[in-house]
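Required output: the full structure, derived from the provided sequences and hints.
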Amino acid sequence: MAFWIASSPHSHIQQKTSALMRLVIYATIPGIFAQWYFFGWGNLIHISLAVITALVAEFIVLSLREKKITQQLFDGSAVLTAVLIGISLPALAPWWISVIGAVFAIVVVKQLYGGLGHNPFNPAMAAYVMLLISFPVQMTSWQPPLELMSIGLDGVNTLFVIFTDFTSDGYSVEQLRSHIDGFTMATPLDTVKTNLTIGLTITESMNAPVIGEHFGLGWEWINAAFLVGGIFLIYKKAIDWTTPASFLLSLFICSLIAFIISPDSNASTMFHWFNGACMLGAFFILTDPVTGATSTKGRVVYGILAGFLVFIIRKEGGYPDAVAFSVLLCNMAAPLIDQYTRPRTYGHQGSER
Amino acid sequence: MKLNEEYKELAWQGLWKNNPGLVQLLGLCPLLAVTSTVTNALGLGIATLFVLICSNATVSLVRQWVPKEVRIPIFVLIIASFVTCVQLLMNAYTFSLYQNLGIFLPLIVTNCAIIGRAEAYASRNPVKQASFDGLMMGLGFLAVLFVLGAVREVLGQGTLFDGANLLLGDWASILRIEVYQLDTQFLLAILPPGAFIAMGFFIALKNVIDDKIAQAIPKKQEKTIERVRVNFDAP
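Residue numbers (the working numbering), protein chains in the order written: chain A, 1 to 353; chain B, 1 to 235.
Just so you know, these hints were derived from the structure itself, not from any lab.
Computed from a predicted model, the values in this text were never measured in an experiment.
Careful: at least some of the hints might be erroneous.
Here are the in silico distance ranges between beta carbons for each label pair [what the hints assert, rightly or not]:
id : chain 1 : residue 1 : chain 2 : residue 2 : range
1  : B       : V208      : A       : I253      : 46 to 52 Å
2  : B       : A92       : A       : D169      : 57 to 63 Å
3  : B       : I174      : A       : T164      : 34 to 40 Å
4  : A       : Y26       : B       : L205      : 36 to 42 Å
5  : A       : V137      : B       : F202      : 28 to 34 Å
6  : A       : T140      : B       : T110      : 34 to 40 Å
Ideal Cβ positions, reconstructed from N, Cα and C, are used throughout, including at glycine.
This is the structure in structure tokens:
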């Protein structure tokens, strides 16, 4: 007779880590496909670069720490981290961005803290924030959707841009980002933020070409695709529905209040939902079982806090998108949230503490 | 001979075993804030070293007359007066460096490494040992500042001793070494979070070295114990 001791969640299906990670990786496929459809090959190249680097870094650290290499190297966690980094990077960032990001995520954020299950921060998001504050220029050179670009960009040229900074015809990233009319295009979130500082209202910003018909050309479909992937994960019981639901609801309520108070200076609720990394964060990053809160009540608090932070940072902060920052802040808060939302032990009164 | 041993112990404590930067983790605020280049690190390190020696000597000199109840304010006053001296000197002779260091130069007053040494060592020991302790602790702190500054400067800007002429005079501009050419600065190394991460690596490295030393030493002891046991069992 063997007693199997484990921390919560107590699941009777003793699912292996690798199976769960593989499922999460499969669930990112619709989102990656949407990214490929609207933005071309950039993110796929970054994903493959990050995966290779992460596996090499993981292999080196595991052999230094004298761990079981084959088992831990292929448990999928490093690959998932790398995929998330590749998804969140700007498509035309230089190759060393994803390499540095993957090495930092695996070596510093994950393995130095003791490997999978011991890291206090989400490796992908910590690496993203590190890259964003270290290389602000490269990390904010977002590529506009393909259909808006005045210079065509195919897979080979994307490779050229990532590895040499120029296409085979000699166009730089800055030129690629220019609209036919000559101005540089940014992401919808960026556009709205810049327009507000120069005194344009939200309604006026919504006419910008990058925003398209709804909330952001391309971005809305990418977010919708991640939403589909996330619902698939919830259906498969790979993630709990409480964190994404409370996160999205909290973001919805915060932006709704702001929108009702001042519709001219606050974007609509759905604009917040379907832009930036909102859905990716809600379903793939906040639900990380290692760095998130554990109990159901804790997950609700965690999600609400994250949604509130995303709104506040998007509205007031210096950076247009906020998911990575708020995820890191919530990771810091998670142990405290766990402390105060510990479920009552069966048979004990709630009052004793 | 005994005195020599004591000085050796003081040096060992200050430079390695009880290093104010790596082990006591005192004075972290200036340590992390100004070590973005070697020059800044050296400037602050030398200023701290000077203040530490002088304050330790003075505290040790007046230790018989300081009432126990008010010793901390008196120590702070002594330290503050020396910091003011350093500040005025640097303002006069190394003005650009003085501007680079900014608020962190007057903030040496609040550096716990200095008041810690005054309280823990200088107020209980004679002048000679106290000033030697100040020298060693200051050198230990300076060494950490220097290494941290060097690593951050190389990672962040790809140079070493950039702006050394601000500290050492015009001849020192030849000291500047271009380690490699960077198109884009690695901002993390220059920003305070990078200092924290680098500091963590240094502390880890020191612990690894200590572990290696500790592993090397007890093996001899085990052997002697075994031999003793054999001798007891023999008859």
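Against the structure, the hints:
At about 50 Å, the CB distance of V208/B to I253/A agrees with the hint of 46 to 52 Å. Look at A92/B against D169/A: about 59 Å separates their beta carbons, and that is inside 57 to 63 Å. Judged by the Cβ atoms, the range 34 to 40 Å given for I174/B and T164/A holds: they are separated by roughly 36 Å. The hint said 36 to 42 Å for the Cβ distance between Y26/A and L205/B, and at roughly 41 Å that hint holds.
With their beta carbons about 30 Å apart, V137/A and F202/B fall inside the hinted range of 28 to 34 Å. Between T140/A and T110/B the beta carbon distance is about 38 Å. The supplied range of 34 to 40 Å therefore holds.
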